[in-house]
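Visitor: Take a look at the letters that make up each chain.
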Amino acid sequence: MRVLDYEIPDKLYYSKEHEWVRIEGKEAVVGITDYAQKQLHEIVYVEVQKVGAHIEQFQTMGTVESVKSVSDIFAPVSGKITKVNEELTESPEFLNQDPYGKGWLARVNLTDFNKDLEKLMTAQQYCDYIKGMEE
Amino acid sequence: MIKPLRKTHLHEFHKKTARMTEFASFEMPLWYKGIIPEHMAVRNSVGIFDITHMGRALITGAKSEAFLNYVTTNDVAALTPLSAHYSNMCNEQGGIKDDFVLSRLEQEKFLIVYNATNRTKDYEWLVQNAKPFDVKVEDVSDNIAMFAVQGPKAQETLQKIADLDLSKVERFKCGWTKLAGLEGFVSRTGYTGEDGFEVFVWNAPLANPTNAVKVWSAILEAGKEFGIEPCGIGARDTLRLEAGMCLYGNDIDENTTPLEAALGFVVKLKKDKFIGKDALTKQKAEGIKRKRVGLKMLEKGIPRPHYEVRKGGEKIGHVTSGTQSPVLKQGIAMAYVSIEHATEGNRVAVKIRDRLSEAQVVKFPFYDPAKYGHGRQK
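From first to last, the protein sequence lines are chains A and B. All the letters of the first sequence, read from the start, carry residue numbers 564 to 698 under the numbering used here. All the letters of the second sequence, read from the start, carry residue numbers 2 to 379 under the numbering used here.
Worth flagging that the hints you see were computed from the coordinates, not collected in a lab. Ideal Cβ positions, reconstructed from N, Cα and C, are used throughout, including at glycine. Do not rely on the hints blindly, as some may be mistaken.
Unchecked claim - Looking from chain B toward chain A, a few residues come up when the C-beta cut is under 7 Å (computed): (1) 35; (2) 36; (3) 37; (4) 235; (5) 303; (6) 325.
Unchecked claim - Quick list of in silico lysine-lysine cross-link-like pairs, DSSO-like style, CA-CA up to 30 Å: (7) B/4 x A/631; (8) B/301 x A/631; (9) B/379 x B/364; (10) A/631 x B/8; (11) A/601 x B/330; (12) B/301 x A/643; (13) A/631 x B/16; (14) A/631 x B/372; (15) B/34 x A/579; (16) A/631 x B/292; (17) B/352 x A/601; (18) A/601 x A/631; (19) A/665 x B/34; (20) A/613 x B/301; (21) B/352 x A/646.
Working from the sequences, and respecting the hints, build out all of it.
Guide: Here it is in structure tokens:
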């Protein structure tokens with residue numbers, strides 16, 4: 564679905580810090596939302612924790628930098644990183660161009676997704692959240 | 002109570018087309034299209050900036066040259082009418098009160114353009130120090146609009162709306178001209194490293210934006226064939242940083258001296274008494290302990306203000322400005338480092354979060370001056 568100027572795919576889950584989660588079996592793919600990339604604008608550097616690192620929901624799992632600013636990326640789920648998107652080192656602009664596709668950040672082996680889910684939003688809930696912020 | 006942000010004449014234009022931000026109590030455009038395309042438009046063609054937020058004051062009177070020689074560090078006597086120079090004002094300790102461009106309009110009339118951040122401080126400092134000289138200091142910030150037209154196509158763009166032959170106005174010279182039929186003043190100066198002009202719309206009270214908007218629109222129209230971009234303060238910052246120019250509050254302040262800031266070329270110690278002279282003379286004789294240098298990252302990573310600079314595990318200084326250079330596509334920074342490490346070519350490390358990243362001390366500007374900037378080979 565779309566709200567205002569932002570694309571919000573239906574089948575993903577979302578955090579208040581504007582990260583998304585796509586469930587694929589026991590793993591999740593995570594990234595930052597269209598809203599986040601539009602706020603940051605012109606992303607020139609991305610850094611995510613290494614494969615094997617344990618991440619905790621809402622703890623820092625990386626950093627994203629635009630020309631002007633440095634922002635933390637907060638893990639939307641808890642688990643162990645099994646893969647990171649290495650292409651972002653050379654092409655951080657993928658986060659702007661395709662935040663839900665080529666701009667994915669990492670794959671995570673989930674610890675307890677049911678617990679994570681309590682603090683995540685559905686696409687509809689995230690839409691309402693964005694609308695509330697923009698008012 | 003929260004003070005409302007100040008606005009320039011172009012506020013309606015900015016609000017419609019730009020991401021806005023607060024800067025020095027003003028609501029200013031951060032970017033329109035984006036920092037990188039705006040930055041590259043200035044390096045490759047032409048861009049226009051609204052810089053009306055800056056402070057402007059006129060200094061008039063028979064003793065205005067003597068007064069300015071006392072309150073600023075550069076040699077005002079060397080400034081002929083219709084020329085400009087970059088200069089500093091210091092406190093008695095030699096700390097920089099502000100940096101600015103001073104233009105001599107007439108033998109006894111000067112225009113000083115200082116930082117938005119320091120508008121009140123500078124005006125008060127000037128007025129306070131002017132008393133023994135019997136000169137008039139008049140804040141004209143709210144009556145004159147100011148734009149910067151910068152880039153290799155700046156002259157061609159501006160010439161279309163100016164009656165003065167701009168090819169005759171050399172770098173750091175100025176002149177009166179009609180701009181889109183209105184009274185204007187231009188100086189061949191800027192804050193980007195590129196050729197270009199700073200443009201003053203002389204009768205442009207904030208309360209009546211018509212004249213300012215007319216000149217702004219005329220410049221945008223004139224630059225259309227060159228792909229002119231309106232540029233925000235985001236690109237203004239990356240452009241000045243690539244050129245190696247200081248941002249007051251980041252790279253210089255009242256606790257840094259021009260000698261430490263590598264601005265010794267604007268300190269004329271042979272002049273008669275001026276504020277800060279004794280302290281600067283002493284510092285020059287004793288030698289500076291730290292110096293502002295350029296750092297170019299040799300690894301991925303973007304240096305930012307306050308990051309530590311290290312050598313052999315020891316802290317030797319800190320970053321004051323840093324970004325990803327749009328031209329070099331590398332991290333660049335200005336930093337103060339202890340003098341023994343300030344040599345060009347020296348390898349140092351910048352602490353970026355929990356990691357040390359290798360960097361090298363380089364000279365300003367960061368870009369190749371044969372390819373970019375006002376001295377580029379045509």
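Visitor: Determine for every hint whether it applies to the structure shown.
Guide: Taking the hints in turn, this is what the structure says about them:
1. 35: This hint holds: residue 35 of chain B lies near chain A, its Cβ roughly 5 Å from the closest one there, short of 7 Å.
2. 36: Interface hint status for residue 36 of chain B: holds (4 Å vs cutoff 7 Å).
3. 37: 6 Å, holds
4. 235: Cβ of residue 235 of chain B sits 6 Å from chain A, so the hint holds.
5. 303: Residue 303 of chain B check passes; min Cβ-Cβ to chain A is 5 Å, inside 7 Å.
6. 325: At about 4 Å, which falls below the 7 Å cut-off, the nearest Cβ of chain A leaves the hint on residue 325 of chain B intact, so it holds.
7. B/4 x A/631: 25 Å, holds
8. B/301 x A/631: Cα-Cα ~16 Å, so holds.
9. B/379 x B/364: 23 Å, holds
10. A/631 x B/8: 22 Å, holds
11. A/601 x B/330: The given pair, whose Cα atoms are some 21 Å apart, holds under the 30 Å limit.
12. B/301 x A/643: Given that 30 Å is the threshold and the Cα spacing comes to 25 Å, the pair holds.
13. A/631 x B/16: 20 Å, holds
14. A/631 x B/372: Given that 30 Å is the threshold and the Cα spacing comes to 25 Å, the pair holds.
15. B/34 x A/579: Given that 30 Å is the threshold and the Cα spacing comes to 27 Å, the pair holds.
16. A/631 x B/292: 25 Å, holds
17. B/352 x A/601: Between residue 352 of chain B and residue 601 of chain A the Cα gap is close to 28 Å, so the pair holds against 30 Å.
18. A/601 x A/631: Satisfied, since the Cα-Cα distance of roughly 14 Å is no more than 30 Å.
19. A/665 x B/34: 23 Å, holds
20. A/613 x B/301: Holds, at about 16 Å.
21. B/352 x A/646: Within the cut-off at roughly 26 Å; holds.
Checked against the numbered hints above, the structure breaks none of them.
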